[in-house]
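The hints should help you fit chain B onto chain A, whose structure is shown.
Protein chains in written order, with the working numbering: chain A, 1 to 232; chain B, 233 to 594.
Treat the hints as calculated values from the structure; they're not laboratory data.
The model shown is predicted, which means the values in this text are computed figures rather than measured ones.
All C-beta atoms, glycine included, are put in the ideal place defined by N, C-alpha and C.
Treat the hints with caution; some may be incorrect.
[As the list claims (entries may be wrong)] The calculated DSBU-like cross-link candidates involving lysine-lysine, where the alpha carbons are at most 30 Å apart (straight line), are:
hint, chain 1, residue 1, chain 2, residue 2
1, A, LYS46, B, LYS300
2, B, LYS399, A, LYS123
3, B, LYS300, A, LYS123
[Said to hold, decoys possible] Listed next, the stretches of chain A that the computed footprint assigns to chain B, with coverage defined by at least 3 CB atoms under 8 Å from CB atoms of chain B:
hint, segment
4, 125-134
5, 141-155
[Claimed, not checked] Some chain B residues flagged as far from chain A (calculated, every beta-carbon gap over 10 Å):
hint, residue
6, LEU310
7, HIS322
8, ALA465
9, GLY523
10, VAL579
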Amino acid sequence: MADWLTPDQWSAVLLSLKVSFWATLLSLPLGVAVAYLLARYEFWGKQALNGLVHLPLILPPVVTGYLLLLTFGRRGAVGAFLEQAFGLVFAFRWTGAALAAAVMAFPLMVRAIRLAIEAVDPKLEQAASTLGASRAWVFATITLPLILPGVIAGAILAFAKAMGEFGATITFVSNIPGQTQTLPSAIYSFLQVPGGDAKAMQLVLIAVAIALLALVLSEWLGRAVARRIAGS
Amino acid sequence: MSLFVRFAHRFDGFALDVAFEAPPGVTALFGRSGSGKTTVVNAVAGLLRPDSGHLQLDETVLFDAERKISVPVHQRRLGYVFQEGRLFPHLSVRQNLLYGRWFAARGAGADFDHVVEMLGIGELLERQPGRLSGGEKQRVAIGRALLANPRLLLMDEPVAALDEERKAEILPYLERLRVETDVPVLYVSHSMAEVARLATTLVLMEAGRVIRSGPAAEMLSDPENVPALGVRAAGASLHAKIAAQEEDGLTRLEASAGSLFLPRVDAPLGTRLSIRILAQDVILSRARPEGLSALNVLPVTVAAVRLGDGPGAIIQLKAGEDLMLARITRRSALALELEPGVECFAVIKSVAVAQSDVGGAW
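One chain only, chain A, in its complex shape (with noise of 0.2 Å):
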C-alpha cells in the first residue's frame, strides 16, 4: 500500500487519522460534562454556553480558524501562555489541526450526548440517591451506563467531522506537506497542480471508505449497547 500512494499521500491520511483520534478522544470527557450540565441543570449564563458550544456550527469555518489563530497563535493570550508554560504549540503544528477540528466537531458532539442524557428518566437517578449513592456516584453507575450509546455515536460523530474538517485547520494551521497537510486539504492542493485529479481521487476513495467505516462502527457499537443495556 505504501507505494500505492505517494508519501504526501500516505502522511496525510496518517496525520488525519491521528489528528481526529486526539481531537475526539480529548475532547469527548469535555463533550459529555457540557452535555451534562446543559441537560441536567438550570444556571446563570446556560444559554451563553449552548451559544458558545453551538457557534462553530453556525460561524464560517474560516472565521473560526481565524479566531483560533489570534488566541492559540504563538502571540494569541493563550497561545502565548501554553506556550511558556508548558511548551504547548498549536500553530501551524498537527495538535493546531486537532484543536481545530476538536472545536468545529464539538457542537455534534455534544447535541448527541445531550440527547442521550435528556432520555434517561431521572426519576432512576432519585431512586439511586434514596439507595446511598452520592452524586458522583449516580452519574457513574446509573447515568453513563445508560447513556453509552449516545457518547459512542457521538464520539464517531465528531471523529468523522473531524476527519473532514477543513476551512478552519486550514486557516489556523496552514497546509504544510507531511506536518498539517490533513487529508481535505491534500485533496485540495492535488487539485490545485494539473494532472493531480488522480491522486486526488485516490484520497477521495479512502476518505469515502473511512466515512463509511466509522457509520457501521457506530451503528454496530450503538445497538451493541443497546442491546446489553435492553438486556435481552
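Chain B alone, transformed into the frame defined by chain A:
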C-alpha cells in the same frame, strides 16, 4: 424506631402542613389523590426540601429548617419503594438488589438469601428488569430497598399500578415483611383494603393536612372517621383464631364474641387472624334472628351511634373484646331505638381475612 414529622410546604396553589408520629410498625398515610401523601414521603426521603419544619428519626435529625440541617438524600439511609419500581434497566436483578449494598454501612443489613427467599425472587436473579412482570418488578424493588439496610422503609403506593391479581400476589409479601423484619414502614395508599391489611398506625390526610392519626384498629373502628375513610370502605377488624376445619369446606374461627365461618382458610389450627368486616356488610337485629341463610351472627352491644347528614347512620358495636362498625339507615337506627348500651345481634353478610399474624402462611 420512631419517625417524627412536622413540616409545612407551599407549592403553586397547594399548601401542605402536616404533623404526625410514626411509631414502629407499618404507618399508613391514607387519603385521596392529591391530598399530599407522596409529598410527605418525598420530604422524609429528602427529595423535597420543605419550607419549614422538622423531621427526625429517633435521635437523628434528618431536616430542620431553623437550624439549617438537611441531610442529603444519599445519607439518610431510608429505603424508598416507588410506585413504578424504578429498577435500573442496565443491571440484572441481582445487581439491582445489591446496588444499595455498595453504599450501606458494612457488616449490618438484611441477609441477601433471606430477602430473596422472603420475596420469592430467587428464580429472577440473573434476569434483566425489562423482562419482568409488574408484580415481579415491585418485589425486586422492595428487596432492593430492604437490602440497602434502611432505618425506615418508604413505600409510595407500591401496588397501585398493578392489577388485582398482581396485588394479591404482592400483599402477602408485604405482610411477611411486617412480621419478619423490624424496619418501620411509611406506607402511602388510597386503598382501604390494603391499609386494613397492613397498617398498625393510620394517618388520615385531606387537602394537605393530617386530620387524624392513631393506632389502625382504633381508627378503623371509630365511627367519626367513617366520612374520611369513605362510607363504602369503612369497616373494622376482629381478632380470631382458627378453631376447626369443618368437613363441608368451611373453616370455623373463634373470636371473642363467638364463632365465625369462612370459606376454607389454609392455615394450621390455632393460627391468629384478623378478620375484616365492612360496615355495609353488617345487618342489625334486636332479636336473635331465626331462619336466616347467613351463618355468621354475633351478639353485640351498641357502643356509639353516629347519625350522618344524609339518610345513613354508622353504629359502633362492641363484639366481645373487639369493636366493629355497622352501616344502616338513619330510619332503622331510630326504629330499633339503637343507643349506647343496647344489646342486639349483628348479622354479617361477608367476611374477609385481613391480616395473618403468621406471615404469609395462608
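Against the structure shown, which of the earlier numbered hints fail to hold, in ascending order? Of the numbered hints given earlier, those the structure breaks are 6 and 7, listed in rising order.
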